[in-house]
Each structure stands twice: as C-alpha cells, then as structure tokens.
Amino acid sequence: MQVSERIKDALEAQADQGSLKWLNEKIKKLEEDKSVRDLFMSYSLLASKFDKGSKLQIQNSDSEALIFLTSHNANLLEVARIYLLIKVLEIDRDFYGPKVANIIQVADITELETFLKFLDLLPYPEMFRFTAVEALRTNISVIFDAITLNNPYPAKYFNDQQWNQMYLKAAFMERDLSKIPSVDERANADLARIISDYAHERWAASRKIDPMFWRPVSGFLNPVLLRDMEHLIDSEDALENKAGALCCYHSGKEEAMQILNRKSDLKQQIEEGKLTWKNLKN
Amino acid sequence: MEDNLMIIDPHVHMSSRTTDDYEAMQQAGVVAIIEPSFWLGQPRTQVGSFQDYFSSLVGWEPFRASQFGIKHYCTIGLNSKEANNEALAEQVVELLPLYLHKENVVAIGEIGYDDQTPAEDKYFRMQLELAKELDMTVQVHTPHRDKKAGTIKSMEVCLEHGLDPANVIIDHNNEETVKEVLDRGFIAAFTIYPKTKMGNERMVEVVRKFGSDNIIVDSSADWGVSDPLAVPKTASLMLKRGISREDVVKTCYQNALDAFSKNGRMKEEHWLAPKGIDQSQLFNDNSVLRGQTPRIDSEQIS
Ligand SMILES: [Zn+2]
Numbered sequence: 001m002q003v004s005e006r007i008k009d010a011l012e013a014q015a016d017q018g019s020l021k022w023l024n025e026k027i028k029k030l031e032e033d034k035s036v037r038d039l040f041m042s043y044s045l046l047a048s049k050f051d052k053g054s055k056l057q058i059q060n061s062d063s064e065a066l067i068f069l070t071s072h073n074a075n076l077l078e079v080a081r082i083y084l085l086i087k088v089l090e091i092d093r094d095f096y097g098p099k100v101a102n103i104i105q106v107a108d109i110t111e112l113e114t115f116l117k118f119l120d121l122l123p124y125p126e127m128f129r130f131t132a133v134e135a136l137r138t139n140i141s142v143i144f145d146a147i148t149l150n151n152p153y154p155a156k157y158f159n160d161q162q163w164n165q166m167y168l169k170a171a172f173m174e175r176d177l178s179k180i181p182s183v184d185e186r187a188n189a190d191l192a193r194i195i196s197d198y199a200h201e202r203w204a205a206s207r208k209i210d211p212m213f214w215r216p217v218s219g220f221l222n223p224v225l226l227r228d229m230e231h232l233i234d235s236e237d238a239l240e241n242k243a244g245a246l247c248c249y250h251s252g253k254e255e256a257m258q259i260l261n262r263k264s265d266l267k268q269q270i271e272e273g274k275l276t277w278k279n280l281k282n
Numbered sequence: 001m002e003d004n005l006m007i008i009d010p011h012v013h014m015s016s017r018t019t020d021d022y023e024a025m026q027q028a029g030v031v032a033i034i035e036p037s038f039w040l041g042q043p044r045t046q047v048g049s050f051q052d053y054f055s056s057l058v059g060w061e062p063f064r065a066s067q068f069g070i071k072h073y074c075t076i077g078l079n080s081k082e083a084n085n086e087a088l089a090e091q092v093v094e095l096l097p098l099y100l101h102k103e104n105v106v107a108i109g110e111i112g113y114d115d116q117t118p119a120e121d122k123y124f125r126m127q128l129e130l131a132k133e134l135d136m137t138v139q140v141h142t143p144h145r146d147k148k149a150g151t152i153k154s155m156e157v158c159l160e161h162g163l164d165p166a167n168v169i170i171d172h173n174n175e176e177t178v179k180e181v182l183d184r185g186f187i188a189a190f191t192i193y194p195k196t197k198m199g200n201e202r203m204v205e206v207v208r209k210f211g212s213d214n215i216i217v218d219s220s221a222d223w224g225v226s227d228p229l230a231v232p233k234t235a236s237l238m239l240k241r242g243i244s245r246e247d248v249v250k251t252c253y254q255n256a257l258d259a260f261s262k263n264g265r266m267k268e269e270h271w272l273a274p275k276g277i278d279q280s281q282l283f284n285d286n287s288v289l290r291g292q293t294p295r296i297d298s299e300q301i302s
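Taken in order, these protein sequences are the chains called E and Y.
According to the UniProt record's numbering, the residues represented by the first sequence are 1 to 282, in order.
According to the UniProt record's numbering, the residues represented by the second sequence are 1 to 302, in order.
Pulled out of the complex, with its shape left as it was, chain E reads as follows (with noise of 0.2 Å):
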C-alpha cells in the first residue's frame, strides 16, 4: 500500500468529511487536468478546510509513515498538505514536481516548516535538496529546527560538506544536538577538524560549548584533537570531562585510551553503559 494511501486512510478517520469529499474531488481532477491553477488553489484552500488545532491520532499503526506524522505531532492541516504533495508526485512526477517547488518557494513560516519536517515521507525526496539545504541558512529558528532536528532527512540525502554546515550552525544556534539523528554515521574528518578550530575559537573568547558537540571527532583523533581531549578530560566542568571520555573510549586509540586512564571513575561507567552520549547531561 502507497504512503498516499495509509495517510488518505488516517485522515478520514479524523478530518470532516465534506472536507474530505472536496479534496478527493480536487485530486481526482489533478489527475485528469493536470492543471496548475488547481493545483494552486486546492494548496491554498486547505487552510481553510483542515484544522490545525487537531492533532492526527494513530493507535498501533505499522506504517512508518503514520508513526513519523504522529510522532512529530502533526495536525491535520499538516497531514491535509503534505497528503496532497505526495499524491500529486505520484500521479505525475514531472509534471508537477516543479510546481510542488513553485507552492515550497512561496511558503510562510508555517508551510515550510511542515515541508521540511515531513519532507522525507514524499515521494522523490531527493528533488527538494536544495530547498532543504537553502532552510539551513535561515536564522528563523523553528524553520531550521524543522530540518535539522528528529529530522531522518540530511544524514540520508545532504553531502558532507551540507552535513557539516548543518552541524557547525546547530551548535552556533545553540540548538539541542542530541536531537540530530545519525551524527556518528554521518562523522567525518573535516568535521572534526571544524570542531577542533570553533572549540579554539570559543575557548579564546573563554566562551563555553556544548559538550555534545564534540561527539563526531571519536573517530578522527588526531594530535591537535588528541589535545583537546586533554583539554576536555582536565577540564573542572563535568559536562566536558565526560565528553571527553565518550570520545576517547569510541576512538578505540591507545594514546586517547591513555588520557581516558585519568579519569577511570568515567571509564568505568561507559563500560558498563551507564554512560553514553544519550544521558550525558543526565
């Protein structure tokens, strides 16, 4: 069964029905007009049919799709929109793919941040990385938040320099990084080496960092990472000290093993898992 189909499914549970009866007449002309002035207004219209002081309510669903749309509290404006997106790009890809761009491009705030939340469950998701990557440079918090946290699309679609970029301006905006999925698997050694200079930067500025931030380097410790580890491990603020053990314990080098031995209190917590990068601030 389509992705379509089960959110179709889950919204006439909820939704009021004319509501539902105008929006399936809207798609099934979509299907046979192609037309771009209806698909234009049948987006817009939405906003007045659907309420998005509801939240969509799934109980025991196996669709990943309903989980994702519940889990990240959608309502059913929400659901209204990114339904009619997907069934769009499923009737005809080509056709419409630019004109679903068209409706991203003229966004508000609202709009966009469903789009990028919900962006990994259209169909062809890769089409809108762009729009995704263009969300990053945006200082309005709730629109970069929407792309960058709980969020499974980057880590599958951005590039590492995208990745990157993403990564340094979470932790510039100060938002909460344990949010990022993937960031081990998305690790890399310019990362790293990007964490490295902005911790030399703010330590200069005697400016403190979130110690979450260092959790990509594990794998890439160099000599000058290996003496931030120093650093973190020396360091008078807990937080940093067990940032520091993290990354050392994960490097799996010898010399970083070393500076863990400083600490055993730490060692021995992570290696009985009762610290990990999940409840460090815990």
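The hints are simulated quantities; they were obtained by calculation from the structure and are not laboratory data.
Treat each hint with caution, since some may be false.
Sample of chain E residues with no beta-carbon within 12 Å of chain Y, all distances over it, derived [stated by the list, open to error]:
1) Q17
2) R93
3) D184
4) H200
5) N222
6) N261
Once the Cα atoms are required to be at most 25 Å apart in a straight line, the calculated PhoX-like pairs of lysine-lysine come out as [what the hints assert, rightly or not]:
7) Y:K71 - E:K52
8) E:K52 - Y:K267
9) E:K55 - Y:K267
10) E:K263 - E:K278
11) E:K49 - E:K34
12) E:K21 - Y:K132
13) E:K49 - Y:K267
14) Y:K122 - Y:K132
15) E:K49 - Y:K262
16) Y:K179 - Y:K153
17) Y:K132 - E:K49
18) Y:K147 - Y:K81
19) E:K8 - E:K49
20) E:K179 - E:K169
21) Y:K179 - Y:K148
22) E:K278 - E:K208
23) E:K8 - E:K21
24) Y:K71 - E:K49
25) Y:K71 - E:K55
26) E:K26 - Y:K132
27) E:K156 - E:K99
28) Y:K262 - E:K52
29) E:K49 - E:K21
30) E:K267 - E:K208
Keep in mind the model is a prediction, meaning the values are calculated, not measured.
Glycine included, every Cβ here is placed at the ideal spot set by N, Cα and C.
Position chain Y with the ligand against the provided structure of chain E, taking the given hints into account.
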C-alpha cells in the same frame, strides 16, 4: 500613557523600519500590527520582486516582530501605483491566490486608486472580485490627490461589486471624507501623519465629533517621514483631552480587531495568551526584550 492600554496599529509598513521601532512600539503597548503590502518607493520591474516581498510579509517579518513580542499580520494585494504597469500587474494578480490563504493574511490590501487611471480601476476591480470569491476583508488606500472624489469612487466600486461595506476599511480619511464613509456603512481609518495632513490633534476632534464607532487610527509608518508610535501617542493624547477610555480602546484597538479578524486568522488570544517569547527562538544571543525604559515620553508626533 495609561497602564495596560493595548494598541493595534492596523497599517504600518514594518519592512521599512528598524528593530528600535519594534522595541519602542512594544514598550508603548502595541500588541499587534497589520502590514499592508504596498509600493516600496522604487517601482518593481519583475514579478519575482513582488513574490519575494509577499513572502517576506508572511515569513521573515512576522518572525522579526515575534522577537519583540508583537504579533504581525499582513494584507496582500497589488497597490494602485504599480497597477499602472499592466504587463507586470497581470502577473502579480496571478500570484495573489497563492498568498491570500496564508496564516497571517487578514485582508486584501492596500488596494484602490492613486491617480485614478483606467489601469488602476481595472486591477482594483479584479481584486475586489477576488475578495468576493474568497469572502475576504478589503483594505482600501485612498488617493492623496483629488481625495474626496477618489474616496467616493472607491466606495461606489466596492458596492458595485457586491461587497459588504462593513467588510471594507477605507483608509487615509480626513475631516472631509469621514462622514461619507461612515454614512455608507464603511469603516473609516485615519492615518496620523507627522507635521502635515492628519495630525493627532485633529484626530482627537474627529473622535469628539463623530464618536468611536467604525473609526480606526493607524500610523501608516513606512520609509518616509512617519512615526511608528503614532497610534499610542494619539491614544495618549485622546485620554488627556478628555475622550473616554472606552472610545480610545475602540479607535486604537477594538475596532481594528473586529474589522480584520473576520476571516478568523487574527485572534486576541495570540497576544493575550501567547506561547511566550521562546528564548530558544532568539538567534545569536540576540535577546531583544531587556525591559528598557519606555521610550514614549510625549504625545507629540515630531
Ligand atoms: Zn500604506
């Protein structure tokens, strides 16, 4: 300035103003503003310039306002001046339906006449039809030259297109036009201009004479000589001159709220029960609400 007087400025072009203005407005009691789409001084030559401008009115600018604790709404439309570039106007009008349903768009505006040319007339009417089809409020800009005739014509055309006058705000009124507007059942907005035209001393007398029903005060502050505190200053002056608090609340808050909340997007709860200024939404440590002393120290519109 009375305590706790909440102010709405339903006509202010914040895109042209600095964050100092937002800060001062918030301190002066402004809780919500409406930014009509208008001319930017320099005529646009590409439809993309309109698109980016409209996008900014539904994107960046509401975010910027929110950082100062002010709720931002806007009106979307093709202004009368630029309606005269017909090739461009055609494309802009095509773009409008994509914006009219966005969540902070409360009306079609500001539209109407400038030089009262045939092209202005054509696009004014097209947009009134759009308002009718989508059941939207209309915010009308009246001409600065030949004002009285232009104001009357604007109203007649609205009626001709079957719009409910109670759903049309006629802006930039003066003592000469207000009676006609109110008599016909339209809503009369007044722009308080520094130095010239409609000063706030005159506004006090208008309210004394015509009462507070269907009368709205705004600043129309933009990139020109103007004062973004015109509404709170006028409210303050009205109170000082013995206008009742009730009338001040109506003309500087409630009437604007009633007039622009008809499509359900503008809601008092947005500022009465705000989600709070989410500190995590401030970027680059740019916390802007540090409780400076109010900058409004006189009712004088300088
Ligand atoms: Zn204006």
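Checked hints:
No beta-carbon of chain Y is positioned within 12 Å of the beta-carbon of Q17 (chain E); the least distance is around 21 Å. No beta-carbon of chain Y is positioned within 12 Å of the beta-carbon of R93 (chain E); the least distance is around 21 Å. Non-interface status of D184 (chain E) relative to chain Y is upheld: no Cβ of that chain comes within 12 Å, the nearest being about 25 Å off. Distance check for H200 (chain E) against chain Y: the nearest CB is about 20 Å away, which clears 12 Å, and the non-interface claim stands.
Chain Y leaves N222 (chain E) outside its interface by the beta-carbon criterion, the shortest separation being 31 Å against a cut-off of 12 Å. With 12 Å as the threshold on Cβ separation, the claim that N261 (chain E) sits away from chain Y holds: the shortest Cβ distance comes to roughly 38 Å. With a C-alpha separation of about 19 Å, the suggested pair K71 (chain Y) and K52 (chain E) falls inside the 25 Å cut-off, and the hint holds. Of the supplied pair hints, the one linking K52 (chain E) and K267 (chain Y) holds, its CA atoms being roughly 15 Å apart against a limit of 25 Å.
Under the criterion of a C-alpha separation no larger than 25 Å, the hint pairing K55 (chain E) with K267 (chain Y) is consistent with the structure, at around 20 Å. Restraint check: the Cα-Cα separation between K263 (chain E) and K278 (chain E) comes to about 20 Å, which is no more than 25 Å; the hinted pair holds. About 22 Å separates the Cα atoms of K49 (chain E) and K34 (chain E), which keeps this hinted pair within 25 Å; it holds. At most 25 Å may separate the alpha-carbon atoms for a hinted pair to count; K21 (chain E) and K132 (chain Y) meet this at roughly 24 Å.
Only pairs whose Cα atoms come within 25 Å are accepted, and K49 (chain E) paired with K267 (chain Y) is accepted, the gap being roughly 18 Å. With a CA separation close to 16 Å, the supplied pair K122 (chain Y) and K132 (chain Y) stays within the 25 Å bound. Our distance criterion of 25 Å between C-alpha atoms is met by K49 (chain E) and K262 (chain Y), whose separation comes to about 16 Å. This hinted pair checks out: K179 (chain Y) and K153 (chain Y) have alpha carbons roughly 15 Å apart, not beyond 25 Å.
Taking the CA atoms of K132 (chain Y) and K49 (chain E), the gap is about 18 Å. The hint holds against a cut of 25 Å. This hinted pair checks out: K147 (chain Y) and K81 (chain Y) have alpha carbons roughly 15 Å apart, not beyond 25 Å. Restraint check for K8 (chain E) and K49 (chain E): satisfied, since their Cα atoms lie roughly 15 Å apart, inside the 25 Å limit. Of the supplied pair hints, the one linking K179 (chain E) and K169 (chain E) holds, its CA atoms being roughly 14 Å apart against a limit of 25 Å.
Taking the CA atoms of K179 (chain Y) and K148 (chain Y), the gap is near 11 Å; set against the 25 Å cutoff, the hint holds. This hinted pair checks out: K278 (chain E) and K208 (chain E) have alpha carbons roughly 20 Å apart, not beyond 25 Å. With a C-alpha separation of about 12 Å, the suggested pair K8 (chain E) and K21 (chain E) falls inside the 25 Å cut-off, and the hint holds. Pair hint K71 (chain Y) plus K49 (chain E) holds up; C-alpha atoms about 24 Å apart against a cutoff of 25 Å.
In summary, the hint linking K71 (chain Y) to K55 (chain E) is supported, as the alpha carbons are separated by about 24 Å, within the 25 Å threshold. A threshold of 25 Å between alpha carbons decides the hint, and for K26 (chain E) with K132 (chain Y) the separation of about 22 Å falls inside it, so the pair holds. Annotation: proposed proximity of K156 (chain E) to K99 (chain E) holds, straight-line Cα distance about 24 Å (limit 25 Å). As the CA atoms of K262 (chain Y) and K52 (chain E) are separated by approximately 18 Å, the hinted pair is consistent with the 25 Å bound.
At roughly 11 Å between alpha-carbon atoms, K49 (chain E) and K21 (chain E) fall within 25 Å of each other, so this suggested pair holds. Restraint check for K267 (chain E) and K208 (chain E): satisfied, since their Cα atoms lie roughly 24 Å apart, inside the 25 Å limit.
Of the numbered hints stated above, none is contradicted by the structure.
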